[in-house]
Amino acid sequence: MHEFAAAQDILEMLEHTLGAKREVKRVHLTLGPLSGIASDALRFCFSELARLDGFGSPDLVIDEVASRVRCGVCGMEYAVMDFADACPGCQSLRREILSGDEFTLDWAEVEEE
Amino acid sequence: MQEDRTPLKTVRIESPVMAKNRQLAQANQRVFNSHGILVVNLIGSPGSGKTTLLEAMVARLGDALAVIEGDVQTRRDAERIERAGGRACQIETRGACHLDAQQVGRAVQDLRLETDPCKVLVIENVGNLICPSSYDLGEHLKMAVLSVPEGDDKVLKYPSLFSRASVLVVNKIDLLPHVHFDVDRAVDECHSLNDGIIVFKTSGKTGEGVAELCNFLAARQAELAHGIGE
Numbered sequence: 001m002h003e004f005a006a007a008q009d010i011l012e013m014l015e016h017t018l019g020a021k022r023e024v025k026r027v028h029l030t031l032g033p034l035s036g037i038a039s040d041a042l043r044f045c046f047s048e049l050a051r052l053d054g055f056g057s058p059d060l061v062i063d064e065v066a067s068r069v070r071c072g073v074c075g076m077e078y079a080v081m082d083f084a085d086a087c088p089g090c091q092s093l094r095r096e097i098l099s100g101d102e103f104t105l106d107w108a109e110v111e112e113e
Numbered sequence: 001m002q003e004d005r006t007p008l009k010t011v012r013i014e015s016p017v018m019a020k021n022r023q024l025a026q027a028n029q030r031v032f033n034s035h036g037i038l039v040v041n042l043i044g045s046p047g048s049g050k051t052t053l054l055e056a057m058v059a060r061l062g063d064a065l066a067v068i069e070g071d072v073q074t075r076r077d078a079e080r081i082e083r084a085g086g087r088a089c090q091i092e093t094r095g096a097c098h099l100d101a102q103q104v105g106r107a108v109q110d111l112r113l114e115t116d117p118c119k120v121l122v123i124e125n126v127g128n129l130i131c132p133s134s135y136d137l138g139e140h141l142k143m144a145v146l147s148v149p150e151g152d153d154k155v156l157k158y159p160s161l162f163s164r165a166s167v168l169v170v171n172k173i174d175l176l177p178h179v180h181f182d183v184d185r186a187v188d189e190c191h192s193l194n195d196g197i198i199v200f201k202t203s204g205k206t207g208e209g210v211a212e213l214c215n216f217l218a219a220r221q222a223e224l225a226h227g228i229g230e
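These protein sequence lines map, in sequence, to chains A and B. So the first sequence is numbered by the working numbering: it starts at 1 and just counts up by one. So the second sequence is numbered by the working numbering: it starts at 1 and just counts up by one.
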């Protein structure tokens with residue numbers, strides 16, 4: 001359950017950015033399939049911690065982006081969420097991974113003061 | 001009638017989560033580099049033979065090797081390394097499923113590298129194929145251990161680890177006659193995530209393949225020390 005530590009980190013980043021603990025309406029994250037983070041576990045930890053820690057009940061929007069890869073046989077670029085999925089062009093598993101380990105806090109929505 | 005609502009504003013942040021851990025990891029790596037120590041983050045399932053492999057490495061590398069042991073509880077693994085004649089310190093995470101850079105930074109102070117230097121430091125992470133892959137500790141390379149009884153289908157189930165590892169150790173190869181494990185399949189699937197990964201086949205129990213692994217680490221350490229000395 002390293003998602004608990006990740007949720008704590010997100011709340012610290014919010015506090016730092018907003019200057020204080022305050023009610024947050026919505027939080028947006030980007031998560032890649034190589035991040036090693038389980039979105040459901042993160043959602044659970046985040047909502048509990050946010051509530052207990054004075055951030056209200058923000059909606060957590062998680063944009064789960066696919067990994068971009070380039071086939072090592074036919075050169076086709078394609079997207080994968082599940083790495084057991086082979087190249088749609090030639091069925092090879094040989095590939096170069098171009099992206100997929102994203103785990104970023106993008107933006108938060110708060111009421112105007 | 002329209003509802004009267006406070007307008008919302010969007011605050012852009014656009015920062016990686018867990019950046020604090022990464023900064024602490026970078027600080028650890030500066031310490032390791034200043035001593036010319038090659039640091040390995042050893043990651044594998046509980047029972048994959050990580051500690052037995054380290055015991056066999058202690059027999060070859062002697063004082064050149066130091067070990068940080070990570071477990072949820074007990075000093076058992078550090079005691080095993082010490083009984084094998086090696087240097088070890090133990091981190092007990094008291095529940096956490098992974099080591100983080102701050103814990104490792106403290107453990108490194110306990111090892112007193114200034115007065116008692118080593119060439120290779122292996123950090124044996126908490127037995128787990130998932131969580132440790134998200135935390136850099138300041139290591140130069142991640143070494144993933146996959147033991148033969150675990151099955152040859154595990155690599156693509158845990159892509160975050162195997163895509164980030166520089167070395168794959170297929171361990172317990174003395175058991176290959178007794179269990180179904182297609183080494184080529186595991187290695188091919190690992191290459192599908194990570195074309196440059198270097199593979200060793202070892203048995204911590206019989207010692208097979210341990211010399212090759214130790215030679216590789218010693219060569220990497222020499223490159224590192226040479227690069228820093230320039």
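One thing to keep in mind: the hints can contain errors.
[To be verified] Below, simulated DSBU-like cross-link-like pairs (lysine-lysine); rule was C-alpha separation at most 35 Å, straight line:
1) B:K154 - B:K20
2) A:K21 - B:K20
3) B:K119 - B:K157
4) B:K157 - B:K20
5) B:K201 - B:K119
6) A:K25 - B:K9
7) B:K20 - A:K25
8) B:K154 - B:K119
9) B:K154 - B:K201
10) B:K9 - B:K119
11) B:K157 - B:K9
12) B:K9 - A:K21
Since the hints were derived computationally from the structure, they do not count as laboratory data. Quick caveat: nothing in here was measured; it's all calculated off a predicted structure.
A quick look at each hint next to the structure:
1. With a CA separation close to 30 Å, the supplied pair K154 (chain B) and K20 (chain B) stays within the 35 Å bound.
2. At most 35 Å may separate the alpha-carbon atoms for a hinted pair to count; K21 (chain A) and K20 (chain B) meet this at roughly 19 Å.
3. Distance restraint check for K119 (chain B) and K157 (chain B): the Cα-Cα separation of roughly 34 Å lies within the 35 Å cut-off, and the hinted pair is therefore satisfied.
4. Proposed proximity of K157 (chain B) and K20 (chain B) is supported: the alpha carbons are some 28 Å apart, at most 35 Å.
5. Restraint check for K201 (chain B) and K119 (chain B): the C-alpha separation of about 23 Å stays at or below 35 Å, so the hint holds.
6. Taking the CA atoms of K25 (chain A) and K9 (chain B), the gap is near 10 Å; set against the 35 Å cutoff, the hint holds.
7. Of the supplied pair hints, the one linking K20 (chain B) and K25 (chain A) holds, its CA atoms being roughly 25 Å apart against a limit of 35 Å.
8. At roughly 32 Å between alpha-carbon atoms, K154 (chain B) and K119 (chain B) fall within 35 Å of each other, so this suggested pair holds.
9. Of the supplied pair hints, the one linking K154 (chain B) and K201 (chain B) holds, its CA atoms being roughly 16 Å apart against a limit of 35 Å.
10. Annotation: proposed proximity of K9 (chain B) to K119 (chain B) is violated, straight-line Cα distance about 53 Å (limit 35 Å).
11. The hinted pair formed by K157 (chain B) and K9 (chain B) fails the criterion: a straight-line CA distance of about 40 Å is larger than 35 Å.
12. This hinted pair checks out: K9 (chain B) and K21 (chain A) have alpha carbons roughly 16 Å apart, not beyond 35 Å.
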